[in-house]
Structure formats: structure tokens, C-alpha cells
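A.B. asks: What follows is each chain in one-letter form.
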Amino acid sequence: DAGITQSPRHKVTETGTPVTLRCHQTENHRYMYWYRQDPGHGLRLIHYSYGVKDTDKGEVSDGYSVSRSKTEDFLLTLESATSSQTSVYFCATQPGPNQPQHFGDGTRLSIL
Amino acid sequence: QQQVKQSPQSLIVQKGGISIINCAYENTAFDYFPWYQQFPGKGPALLIAIRPDVSEKKEGRFTISFNKSAKQFSLHIMDSQPGDSATYFCAAGGTSGSRLTFGEGTQLTVNP
Numbered sequence: 001d002a003g004i005t006q007s008p009r010h011k012v013t014e015t016g017t018p019v020t021l022r023c024h025q026t027e028n029h030r031y032m033y034w035y036r037q038d039p040g041h042g043l044r045l046i047h048y049s050y051g052v053k054d055t056d057k058g059e060v061s062d063g064y065s066v067s068r069s070k071t072e073d074f075l076l077t078l079e080s081a082t083s084s085q086t087s088v089y090f091c092a093t094q095p096g097p098n099q100p101q102h103f104g105d106g107t108r109l110s111i112l
Numbered sequence: 001q002q003q004v005k006q007s008p009q010s011l012i013v014q015k016g017g018i019s020i021i022n023c024a025y026e027n028t029a030f031d032y033f034p035w036y037q038q039f040p041g042k043g044p045a046l047l048i049a050i051r052p053d054v055s056e057k058k059e060g061r062f063t064i065s066f067n068k069s070a071k072q073f074s075l076h077i078m079d080s081q082p083g084d085s086a087t088y089f090c091a092a093g094g095t096s097g098s099r100l101t102f103g104e105g106t107q108l109t110v111n112p
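Order-wise, the sequence lines are chains A and B. Note that the first sequence covers residues 1 to 112 in this note's numbering. Note that the second sequence covers residues 1 to 112 in this note's numbering.
I should point out that these hints are in silico values taken from the structure, not numbers from a laboratory. Since this is a predicted model, take the numbers as computed values, not measurements. Note that CB positions come from ideal geometry on N, CA and C, so glycine has one too. Check the hints yourself; a few may be wrong.
Stated by the list, open to error - The calculated label-pair distances, taken between Cβ atoms and stated as ranges, are:
#, chain 1, residue 1, chain 2, residue 2, range
1, B, G94, A, E27, 20 to 28 Å
2, B, G16, A, P18, 46 to 54 Å
3, B, P8, A, Q99, 29 to 37 Å
4, B, S65, A, E14, 41 to 49 Å
5, B, A29, A, S69, 26 to 34 Å
6, A, K53, B, I12, 44 to 52 Å
7, B, K42, A, G51, 22 to 30 Å
8, B, N111, A, D105, 22 to 30 Å
9, B, G16, A, E14, 47 to 55 Å
10, B, S65, A, G16, 47 to 55 Å
Said to hold, decoys possible - Sample of chain B residues at the chain A side, in silico, Cβ under 7 Å:
#, residue
11, K42
12, G43
13, L47
14, S96
15, E104
The shape of chain A in the complex, shown without the other chains (with noise of 0.2 Å):
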């Protein structure tokens, strides 16, 4: 949906490690998210860019940093992975104010 791709799908890596994930979009959306699926918890906002270089935090932003250089990419890295980042990772964007949010199809974490 909106060209999103998210890369990679699926990961497994070990407790203290460092993860990068990478939200790729074709449609231009000036606007990126970033949330985690958990059960029980719905999804939660972790960063978000209202555009190149203007990232802010979400509400569960603790041990997660983003970079935006380019409107089409937005990443996300957890500098020092912890089991309590195992989750389902979704990147959303969207056109501009008012307009839809779209989601990737996401990229399910395990950190063991």
C-alpha cells in the first residue's frame, strides 16, 4: 500500500546487539512513522518525521533512535537491542495534514 516497503521482514538477533530497520517509500509522502505492534497494547508510536531531518519522539521512544536523510527512507535503530524490543514493527506514512496514514506490511523483531 502507498509503495511502502519495509526491510527486512523478519529478524532474529541476540540481546545487545545493534538493529537497524529501513522504511522505504515511493509516493513521496512527506510525512513517516514509526510504531510497534504488541499484544494487549494496540500499536504505539515510537518516532515520527514531518520531513528530511525533522524527526520528533513518540510516546514509547526509550532505547530507539531515527534518522530521515531522504523523503523516501526513514530508519529506525535500536543501538543496543533488548527482548523487551521483540515486537512487530510497522512503518506508516502519509501525503500531508489531513490525509490517511498508510501502513507497510511490517518487520517482526525477536531478540533473544
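Mind docking chain B on chain A? Use the hints.
C.D. replies: Below, chain B without anything else, positioned relative to chain A:
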């Protein structure tokens, strides 16, 4: 802090029946209320959305009812079909539709 409460957690309905999912919010600044549908292995997809200037919005078999004074909104699926079996999320956000806060999700099963 969960600002959007969704119920029920799971729902089983017979084919042709009405499915009803309810959400309540706390933040009176919320001005945009979308519902998302999610199938296994896929990202959420926008189903229908409402703004508080109307009390009801209908699109095909899907209807949102909105009660601003009670800070509640609900999704009604008429003539439910097995293909409607999915997880449904309500959400709330500001006027621009950014920074959405999601409910916990409802797993709907429609039996044939």
C-alpha cells in the same frame, strides 16, 4: 498511558449478523477518529474515519457512530461476512491526522 480504550478484545459473530466494536477516549483535543482493519501478516489498512462535526458516517456495510459528549465512538459492521474476519483498531488523533493513538484491537471472527 492508554488514552484510547477499545472493547471487546474479541468478538464472534454469525454470518449476516451485526458486529459492534466500541472505543472511548480521554483527550478532548482529539479531532480525528479512524478505524483500521488488519489481516494476519499485513499492515493495518484504513477502513473508515470520522471527524466530530458529524455523529455518524456510513460507507457501505461499515458505520461509525460518534458521541462527543460521552467521548465514545463505535464501529458497526452490518451483514457481517467471513471475509470481515480480521483485527480492528480504533484510533484518535489531532486535526491533521498525525500522531495517532490506537486502541488495543478487537479480533473479529465471523462464522459461516
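A.B. asks: All the hints need checking, so say for each whether the structure fits it.
C.D. replies: Consistency of the hints with the structure:
1. G94/B - E27/A: 20 to 28 Å: With Cβ atoms ~22 Å apart, the hint holds.
2. G16/B - P18/A: 46 to 54 Å: Taking Cβ atoms as reference, G16/B and P18/A lie about 52 Å apart, which means the hint holds.
3. P8/B - Q99/A: 29 to 37 Å: holds, 31 Å
4. S65/B - E14/A: 41 to 49 Å: holds, 48 Å
5. A29/B - S69/A: 26 to 34 Å: 32 Å Cβ-Cβ, so the 26 to 34 Å window holds.
6. K53/A - I12/B: 44 to 52 Å: At roughly 48 Å between Cβ atoms, I12/B and K53/A fall inside 44 to 52 Å, so the hint holds.
7. K42/B - G51/A: 22 to 30 Å: holds, 27 Å
8. N111/B - D105/A: 22 to 30 Å: For N111/B and D105/A the Cβ distance comes to about 27 Å; the hint holds.
9. G16/B - E14/A: 47 to 55 Å: holds, 50 Å
10. S65/B - G16/A: 47 to 55 Å: This hint holds: roughly 49 Å between Cβ atoms.
11. K42: holds, 5 Å
12. G43: holds, 3 Å
13. L47: Violated, because the Cβ-Cβ distance from L47/B to chain A comes to roughly 10 Å (cut-off 7 Å).
14. S96: Since the shortest Cβ distance to chain A is 4 Å, the answer is holds.
15. E104: This hint holds: E104/B lies near chain A, its Cβ roughly 5 Å from the closest one there, short of 7 Å.
Hint compliance for this structure: hint 13 is the single one not met.
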